[in-house]
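Take the given structure of chain A and dock chain B to it, following the hints.
Heads up: the protein sequence lines correspond to chains A and B, in order.
If you count by this note's numbering, then the first sequence holds residues 1 to 163, one letter each, in order.
If you count by this note's numbering, then the second sequence holds residues 1001 to 1423, one letter each, in order.
It is worth saying that the hints were derived from the structure and are not from the lab.
Even glycine gets a Cβ: it sits at the ideal position worked out from N, Cα and C.
The reader is advised that the hints may include incorrect statements.
Stated by the list, open to error - To be clear about the criterion: a stretch of chain B counts as covered by chain A if any three or more of its residues have a C-beta under 8 Å from a C-beta of chain A, and this derived list gives those stretches:
(1) 1068-1080
(2) 1141-1148
(3) 1327-1335
(4) 1343-1357
(5) 1362-1373
(6) 1382-1391
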Amino acid sequence: MKGNIIKYARDNIDTDVIIPGEYLKVHDYTELATHAMEGLDPDFHSKVKEGDFILSGKNFGCGSSREHAPIALSHSGIKAILALSFARIFYRNSVDGAFLLPIEIDQDAYDGISEGDEIDIDVSKNEIKNITKNQTYKMKPFSEIIGKIIAAGGLFKYKPDQD
Amino acid sequence: MNIVEKILARASDKSSVAPDDVIFADVDKVMMHDVSGPGVIKVFDKLKKQGIAVDKLWDPTKVWVAEDHFVPSADKMSAENIVKLSNFTKKYGIEKHFKYGMGQYGICHTLSHEEAMVMPGDVYVGGDSHTNTTGALGAFACGLGHTDIAYVLLNGNIWFKVPETYYFKLNGKLPDHVMAKDLILKIIGDIGNDGGAYRTMQFGGSGIDEMSVESRLTLCNMTTEAGAKNGIVEPDQKVVDYLSQRGATNFNLVTGDSDAEYSKIFEYESSEMEPMIAKPFSPDNTCVVGEAPSVELDKSYIGSCTGAKYEDLEAVAKILKGRKVKIRTEILPAAISIYQRAMENGLLKIFLDAGATVGPPTCGACCGAHMGVLAKDEICISTTNRNFPGRMGHVESQTYLTSPMVAAASAVTGKITDPRDLI
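Only chain A is shown next, with the shape it has when bound in the complex:
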């Protein structure tokens, strides 16, 4: 899966900046997407392209359980978030609703990947290739259940009884 990076070199990007509370009443996802990242980067909506990835630091998505957060990002075109770590509800919302891939990266990837870099994520090899810089990094493998839910296409398509 290839895409270009939008980098926010900071920790603790919270759900209030991903989608501010005043928009929680909005359930039209196209409209929701126009407000994605509004609390941190008012230019996000104009610069994001279909297939982009976000790169960020620790504890991405901390705060609220609002599924509006992964939904707003996903409907903006974001296919994956690469972060040093994720807050738990954001992580499971991303996976269970099949909105985007939460990819845990290490410090090398975080430091090595820059804004605008073209990246190729290969989940089967747990590998991230930086096409722009010709570098390769490891991603943390998904746990078994997460891998299965992602492969199924979300929690509703996952059949635990068939394990």
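Chain B only, in chain A's frame:
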């Protein structure tokens, strides 16, 4: 096994579970509100288009619904969400729908305990991150997104990775004018806002024995701000009394085994705690009130599931009695039952005499939704739970998180104030 492992083992029909086990747990209670509810409805619509049956819930008697975030309806869109929610509960036969303007209603987490909706030993999930609150009754209480809530409504279970547990041993009674909020801000400041991530935060020790159920609710509520999967306190006689006062007597008290294991034990001298604040822009950016910056406050907000329970309002009244507020002060009891007690016991008169405005129960400005949101550069002291950029309004507003007593004392002076300085 510890209490969480015992609850999750029972709920997944296993003789034992251990941290990192992945289980499907049967759910005893599930909650949604006017933000997560319309999300659930969208998931149902999508499933229907995919040919998946959504004509009945697994058990509507185990589901309850709160109207809290955008009530009283903030605008047309939020009014429509309430209508959608009402149609949904009618269609699916959900009888426990707390509607504003119709007797008891309030913030979902407050209703969970005020109305004894959740019992000790339950697996309780809610479509809101502060579902952790209700762990104070001895339940496994965990927040989920609306896809997961939709899954529970249809299937009655949900997957969990069994969390490892951090045990916080609290020693001694909190001093006068120091509240559970001060203690939990201190803990979050120490471990960081991802310090409890994916874990259980369990509280025990003589500090818990001395503490009211409402104070324990404050502790568990704020475990969300350390990233925890859930907060929990083993139930004792105080929980039994609290629930029986609310008409609930049929439950089993689950506690950990004597050889229960915890991945880490922290010890706090609760008897030596001091009033704390969390400065902008994170709940872990804490210091004691004595070291707070000297800022001119614009507003004191006393509300939310965290800081507007009856005990919180009583503490506020102690400070405001016979005094006048110097800045805008908004007090929003977290449920109608609390509002009513505050009226019957003279608290509302104290608040109004002091010059504060008393509003209806709502999540309101806590999440920047409506009713008291902040303007650019406004500075608010608040009994709520989060202070990320834009949390309570404009992205360049600022929120200081405190206990109800500190918020009340600061309302009187217009500066961040230790309540002991007013005594």
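Against the structure shown, which of the earlier numbered hints fail to hold, in ascending order?
Violated hints (numbers, rising): 3 and 4; every other hint is consistent with the structure.
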